[in-house]
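J.: Two chains, two frames, some hints: make the complex.
Heads up: the sequence lines are chains P and L, in that order.
With the numbering used here applied, the first sequence covers 245 to 357.
With the numbering used here applied, the second sequence covers 134 to 242.
Please note that the accuracy of each hint is not assured.
[To be verified] Chain P stretches covered by chain L per the calculated footprint, using a threshold of three residues with CB under 8 Å from any CB of chain L:
#1 281-288
#2 292-305
#3 346-357
Rather than coming from a laboratory, the hints here were simulated on the basis of the structure.
Glycine included, every Cβ here is placed at the ideal spot set by N, Cα and C.
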Amino acid sequence: DAGITQSPRHKVTETGTPVTLRCHQTENHRYMYWYRQDPGHGLRLIHYSYGVKDTDKGEVSDGYSVSRSKTEDFLLTLESATSSQTSVYFCAISEGPSQETQYFGPGTRLLVL
Amino acid sequence: GQSLEQPSEVTAVEGAIVQINCTYQTSGFYGLSWYQQHDGGAPTFLSYNALDGLEETGRFSSFLSRSDSYGYLLLQELQMKDSASYFCAQGNQGGKLIFGQGTELSVKP
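The following block holds chain L by itself, in its conformation from the complex (with noise of 0.2 Å):
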């Protein structure tokens, strides 16, 4: 089956920008989003890239480069509440979304 690739975890401080970084596979590809899960709570919709570039929202920014199946969620200006699972999924044709392991961000003061 599909699978995409993610960091399990990541440590930043508090005002520092870090990146997730996830790879997936092509076939089927249809575009590549970003899900922010607070520990027992639902995941939320952050970011989609269907084209090659940067997608911009307030402090988190998305990345996706089809060529290299490649893909990044940018978060500036750490905050503590960033500290979260973040996932990334990949959409195929029909509306299916394949989500990865997930990474799990703590950001210390």
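Chain P on its own, in the form it takes in the complex (with noise of 0.2 Å):
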């Protein structure tokens, strides 16, 4: 298995309240993402990297901010939660810039009151 952790795995917060969520890998992969998944939604895209400093928006990057100065370590940070932004979040890694496989974290369970 990819070395892929992700911290935490479950948090339960209030509205309004900043949260970060890390991931950290072990495989020197250059990519990485941050992913949501809803029932009925499959998996949505937040952000993702493409190397140190270099982050781009997914398709549902509002409310949502990300950095990564290390290789390393991708954080996904919620500046104010929202009841909506409830959900499992999944981080990934892909060593080049090809589609064909990611590999998945374990996941964080997010639930916002």
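T.: Next up, the structure:
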């Protein structure tokens, strides 16, 4: 299995509070991704990174920011959490720009009350 | 935005063959991937097609027809452990994947 960890694995927070999720990899892969998964919507890309300090928006980026200061870490921040951001968040990595294989982390379950 | 269409659920019996179809939009298309996800777990990569034709990996095969904007995942000799959700994902230039909403496969004894 690819070395990807996510922290925390579970979090309950209140509306309006900031939340940061961390993705850590030991594979030295260049590309990292944040997805959210909700019933009926499959996996939707929030943001992705194609290198240190190089990031871009996905299809559902509003309300989220990311940072990547090191190859191994990709942080997702909800500046002011809302109930609509209750979801399961998955981090993924890939070795190159090709799309055939992304390796996913175990996920973070976030509940915003 | 782009979207992929796949059936929401499929049921089959142990030992049978099942085909999960996926249609996609052609704009910026680069290739079609398939992922498996067991309940509560991380998605795992199964197969990828960039060119027309069939790719076989053990009991699983994936097919792509670019002219029809269509692909499918074929699962043979179904086992109970194959019960899971299966996602097709369209790869576009720039490394992004757009996922379908998933097909929940139930394998019955």
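J.: When the hints from earlier in the document are held up against this structure, which numbers fail?
T.: Nothing - there is no hint that the structure violates, so all of them hold.
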